[in-house]
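Asks: Residue numbers (the numbering used here), protein chains in the order written: chain A, 285 to 585; chain B, 285 to 585; chain C, 285 to 585; chain D, 285 to 585.
Each hint should be verified, as a subset may be incorrect.
If chains are identical, the list can't say which one is meant, so a pair holds when it fits in one copy or spans any two.
What the hints assert, rightly or not - Only pairs whose alpha carbons sit at most 27 Å apart, straight line, appear in this in silico DSSO-like list of lysine-lysine: (1) K442 - K412; (2) K584 - K423; (3) K412 - K322; (4) K515 - K442.
Everything labelled a hint here was simulated from the structure, so no lab data went into it. What you are looking at is a predicted structure, and each value in this text was computed from that prediction instead of being measured.
Protein chains: 4
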Amino acid sequence: MQLGLIGLGKMGGFMAERIRLGGHQVVGFDFNAEAVSKLAASGNVGASSLEDMVSKLQAPRAVWMMVPSGNPVDETIAKLEKLLSPGDIIIDGGNSNYKDTQRRHKEVSAKGFAYVDCGTSGGVWGLKEGYSMMIGGDKEPVEHLRPIWEALAPAPDKGWGHVGPSGAGHFVKMVHNGIEYGMMQAYAEGFSIFQAKEELNLNLPQISRIWQYGSVVRSWLLDLTADALEKNPTLEGLEAYVVDSGEGRWTVFEAIDLNVSAPVITESLIRRIRSREQNNFTDRMLAIQRNAFGGHAVKKD
Amino acid sequence: MQLGLIGLGKMGGFMAERIRLGGHQVVGFDFNAEAVSKLAASGNVGASSLEDMVSKLQAPRAVWMMVPSGNPVDETIAKLEKLLSPGDIIIDGGNSNYKDTQRRHKEVSAKGFAYVDCGTSGGVWGLKEGYSMMIGGDKEPVEHLRPIWEALAPAPDKGWGHVGPSGAGHFVKMVHNGIEYGMMQAYAEGFSIFQAKEELNLNLPQISRIWQYGSVVRSWLLDLTADALEKNPTLEGLEAYVVDSGEGRWTVFEAIDLNVSAPVITESLIRRIRSREQNNFTDRMLAIQRNAFGGHAVKKD
Amino acid sequence: MQLGLIGLGKMGGFMAERIRLGGHQVVGFDFNAEAVSKLAASGNVGASSLEDMVSKLQAPRAVWMMVPSGNPVDETIAKLEKLLSPGDIIIDGGNSNYKDTQRRHKEVSAKGFAYVDCGTSGGVWGLKEGYSMMIGGDKEPVEHLRPIWEALAPAPDKGWGHVGPSGAGHFVKMVHNGIEYGMMQAYAEGFSIFQAKEELNLNLPQISRIWQYGSVVRSWLLDLTADALEKNPTLEGLEAYVVDSGEGRWTVFEAIDLNVSAPVITESLIRRIRSREQNNFTDRMLAIQRNAFGGHAVKKD
Amino acid sequence: MQLGLIGLGKMGGFMAERIRLGGHQVVGFDFNAEAVSKLAASGNVGASSLEDMVSKLQAPRAVWMMVPSGNPVDETIAKLEKLLSPGDIIIDGGNSNYKDTQRRHKEVSAKGFAYVDCGTSGGVWGLKEGYSMMIGGDKEPVEHLRPIWEALAPAPDKGWGHVGPSGAGHFVKMVHNGIEYGMMQAYAEGFSIFQAKEELNLNLPQISRIWQYGSVVRSWLLDLTADALEKNPTLEGLEAYVVDSGEGRWTVFEAIDLNVSAPVITESLIRRIRSREQNNFTDRMLAIQRNAFGGHAVKKD
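Chain A on its own, in the form it takes in the complex (with noise of 0.2 Å):
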């Protein structure tokens, strides 16, 4: 089967290879020539433009987005809106919000093309060990492509599926980031009450091995997390400092306005908001008010 993919990064690049060595041909594009070629270059067919990509794809076309959520992707749709033919498949395999895949869904749709929005984790592992993938979207052109999921996915029948209509495969993917974000934090807190514990002398790395076989808290993030302890087991050189990308905010807001009380993944992104906060204004004020009312001293800078 053929696959157009646009975004050849990180995530792309490998995601194509893992398609051709599942027996399929990928079609790329990106705007970084370089990439284009390396894609050629391991097997699968670059194109220069998104027109040389859809002229060497065979209808009915299915083409993959790859690229950063919001404005990109919707003028990816207008470029493709006029090279593809009604039939043609979009993919949209990136971390939109599920909002604009169902107005997206519906404006596609509208002018005869099909839309696929499929959550995609896995990141740089994907390659080696599958991606798990949440797909929305109307049951044809899900089914249709379903040697590609099954060429991605870890094994042909295992972490992917069809979860819903347009917009669920990316509600899901948001979910699951917001899911993540409390287990990182869960973990995160628990090895720095360790590290603080100075008398107990703990070995950071140890623990997390230990962790990995027979512990209730084994998991795939811990696997990861004892391979970086073992590299660094102070975590020095690194700064305190997180991102969070759009997923974690968007499922508050979501769980907010579904009136569902969910502390722990609005923690979570509290707590990466505030390591980015330089000087805080709210513990300056707090600190003003104890000297206000106390007389107590307060830091100057």
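Once you have looked at the hints, place chains B, C and D on chain A.
Replies: Coordinates of chains B, C and D only, in the frame set by chain A:
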């Protein structure tokens, strides 16, 4: 009425003066001779030692301890027990843990002394505005001390009360401080949002002044906050570093022991702890985890 | 000065009376004819329709909307635009989202009307104690309305202010309510701890009365809480069900959008949401997980 | 190798069997005679009393306690001290507080016995999958017990380790459980969001199955959750009531004592406490406060 007073620091010194203004006499001792001289110069009676203090008090004596919680209280009690006579009253007006207070009450009572605990709120403003006092202990000594409560309180019949048996005064004061943490944090978060909303160019002192009159959030803390913001609208020169004394922690421990969920008081404590964490280990671990599964860049020191 | 007033409910009715007491005349309309009659009976002027109201106002007119946020505001504006003349002023005194206010200001201004937003705090106590008003909009109309602000405020020069451009009034009021959530939750947690500490047999109304004078946590909310506890010390007969109106949510969303960590305001919202969750799914999932790994018993319905 | 085992309940019984399968002999005692019979019937050795158990063990003896934490551990030690000989080893494999463990180690060591603490994870799955063991204590006895660790662990060289001095094993297990709380809560919140998003009609068992392969949130807990959801997709018949054993609380106390901010572990504990609060007092107080300042309706019981 006479009152022995041990500890003539920020709190004790002001209290002595308010008691004197109420028509009573304080016989005060402090390890700091200068504080004793200052007390004597202002119309009360200075004592050069605990022995001297006790000798200047007529039985039945009442001795108020205004010393740091923990060992200093136990040490002071041990000394007083050798100097006082059965029927004399010891008062702990500091921020002792109520469990210590209950233990001390038991020990001291067994030796024939009365023991009263007084949670004292009002800070450096107490001299001018009066102190709020939550009093625990046996009925008789609490009643005996009525002239003192009436002198210290904002008005003879307001701002003080016998809230329960030994320990109850310190228990109520402990929770008072927990609530105080929550209120402070709520205000501080709100003003942080204002400060961050650059496009509206809000005037923080102005807002706090407006809220002082007629708003649902008006409070004494807000009055102080408004004054502080007027002096320093951007809180410049302050460090984002917030101390917590014991009562907030004890409130959190107590809530958990009682199986009462108290997320806001707890979170307020956690944020104070957070303000003092440098190069946060938790955040560094999140950064390394994100790098491990997603290849996301980390910031280096 | 004359003021048109649309919405004569709990808030609007009291405001009309306070404006009248300030020496001004309200021409009021409400879909509820009884409310209009009541207004007319108390010395203001009733209107049978918006047309009637506008016809009874001399240009330049000022019309204050005190209607539920959302569609009712847009609908009222649409009707007013057909009745008013350029230079007339529309005021939104309700709890609109500041983003809607900014949009409306733009739309209304393009048609030659002035648009002022006023975040109004004070609740059912405003008639007696005056309203706290945070005002946003252009300078001229805000200044033109000075007699109204002075009449509604607790004192002519206190409790109101022009805090910024259009939307700033509603923005500040939104955060005000977020802070209010945090303060309420802090008090409520504290009193819950008292109520659970059965061995001390604490008297909650007494404690709240003590704190009203001299304590660090004294506030208007505490005054009201003390009154409410005196009437119903065990809060019996009440359901543990807490409504949240929109401003708390918006504050949380705004904090996240601004990258300000605001855990206490957020947690206060989450707890209100939690109060309305029946047979909580999260908790049931925890129970089944504990059963799955540890064989721990679950409670059956 | 021989091992005395006190406590043949859910955990102890399975452990005995796994030790036997590892080629060793358990001499087991339990107050429940049936559990002893069952042990004997499965190829290990039953004991009718502690005396009987000790008499059937060859010196140097090793006796593993698998009894509830707290008094039962102290009581068992008191009895064992009268029966054992210097050089014998006592192991506490339960969830004792590490501070108790450190005290016991000191007391027991003074009498010539060795004392080892083992935090044991794996629950009811340990027999099949092996136990994860975090071991604290002196080097010699821990090394002496190597055959037992190798038998109980998932593999001889995996899932166990000597993590530090006395108490370290229980300390690490305590934090392990705190992390477990956080992970469970994160998953549970995520699935609650799915369940509430009715318009997408999501299939919770399907999603959990997808995530088991290739996703970032895959874990053993997720495997168990997927099994549980498959059997009961709506979790019907369960009560929203979550027990917490001591380790979560201790983790929270420890974090605060160490001045480590751990909001997610803490919040997970608070939510479990919340699940058991009936007719929540905090929420009722919020309702009465809203009524007091804003005239908002309250729900009556």
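Asks: If a hint holds in the structure, say so; if it doesn't, say that too.
Replies: Going down the list of hints, with the structure as the test:
1. K442 - K412: Both, since 15 Å and 24 Å are each at most 27 Å.
2. K584 - K423: Neither way: K584 and K423 sit 63 Å apart in one copy and 38 Å across, limit 27 Å.
3. K412 - K322: Close inside one copy (18 Å), not across copies (47 Å); limit 27 Å.
4. K515 - K442: between (32 Å within a copy, 19 Å between copies)
Hint 2 from the earlier list is the only one contradicted by this structure; the remaining hints agree with it.
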